[in-house]
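J.: Residues per chain, in single letters:
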Amino acid sequence: VPDSPGDFGSFEDLAMPYFARLFNFACWLTQDQAAAEDLVQETFMKALKGFSSFHQGTNFRAWIYRILRNTFLTSRMGLAASVSLDVDDAPAEPATYDTPESVLLARVEQKAIQNALAELPVNFREIILLCDLEEMSYQEISQTLSIPIGTVMSRLSRARKSMRTLLAAGREGGSL
Amino acid sequence: MTCENWRAWLDAYVDECCTPEQLAGIEDHLQSCSTCAAEALARLQLKRATRAAAKAQFIPSPEFRLRLEKTVQKSRKTSLECWMDSRTRNRAGAAAYYSFRHRFHTRPGAQPSDRGASRFTHRHARQRKSRRCGFHRPAYREALVSRQTALHLQLAGVARFTLQTAGGQTHLLPKQPGRSIAI
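Chains Z and E supply the protein sequences, listed in that same order. Heads up: the first sequence at position 153 corresponds to 932 in this note's numbering, and the numbers run straight through without jumps. Heads up: the second sequence at position 111 corresponds to 143 in this note's numbering, and the numbers run straight through without jumps.
Hints are supplied without guarantee of correctness; some may be wrong.
Per the computed footprint, the stretches of chain Z lying under chain E, defined by three or more beta-carbons under 8 Å from a beta-carbon of chain E, are [claimed, not checked]:
(1) 819-831
(2) 834-840
(3) 843-854
(4) 898-912
(5) 921-927
(6) 939-948
Hints listed in this document are in silico derivations from the structure and should not be mistaken for laboratory results. Virtual Cβ for every residue (Gly too), placed ideally from N, Cα, C.
The task is simple: from the sequences and hints, build the whole structure.
T.: So, in structure tokens, the structure goes:
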């Protein structure tokens, strides 16, 4: 419960500008619009309930995205998606830089990237979306995902490498 | 540093999350290494393409937005009522307690004090009584409720008191028959 009635007005002022973005992010996580609506609604309710714990002047975007992400991970759909999340400690595959993304990206359509994003494991998908779509800094991503900045960098690197692999596989499979 | 070392920083470079020192080092290297420059460009293109592909891919319906706003407003109102109600209950309880004690424990010549009901709830008063500390001190004999408390009681609309000003003095009047409290 907020400390004063005046705080109630500011919740909507802070949260509603992120409504459409949160919905888009939720759709990418859940891959289902109805589930995304439930997720966004639950996120807003939790955020409103816990708004008194939010410190004015700190990063509201990271705070509300963290609520959405945690709500998703604790949902049935999120639990199923996060079964194979522990890949940060996996040994690094040898880097291959011989794929000319510039050439590849000239050919691929948006649909190919969307398909690749959808195929990524949820922890890779979310970090790419937070970084590339939401344009969060590593510090903000660290706050949102509750992981150290070093892990943000390594996970992001792996995620992009997986995405390049998926795009390359799509090209070889003739889907582009 | 080798190209392999520099490439570890290329993601941070395209994400604009480098320190000024790292940025200067990377840019120096990219000017002298066409392979790494091509790699940096490719990563930047992938980042931009991902953003373009993912941006506004899913748009919430106006009905959902309206539904959410209504739900938030309803929840907000409920929370506000609970908040006001809890404050009111605490303060109304304190007011009732001091009213009761004023009736039975006022001694002739006691002076009113500004340390009143707004600072103590039932629980605090009971604790003080159980410790036999301060209960009979004159400072606690007069039941005073701050004007702010009275306004809270009125604003909440659930108070058992109304505010009435007469003869330059403000009184909290119980809605049910009983003794008024000067504030």
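J.: It remains to establish, for every hint, whether it holds in the given structure.
T.: Hints, verified against the model:
no., hint, result
1, 819-831, "holds (count 6)"
2, 834-840, "violated (count 0)"
3, 843-854, "violated (count 0)"
4, 898-912, "holds (count 5)"
5, 921-927, "violated (count 0)"
6, 939-948, "holds (count 3)"
Checked against the numbered hints given earlier, this structure breaks hints 2, 3, 5; the rest are met.
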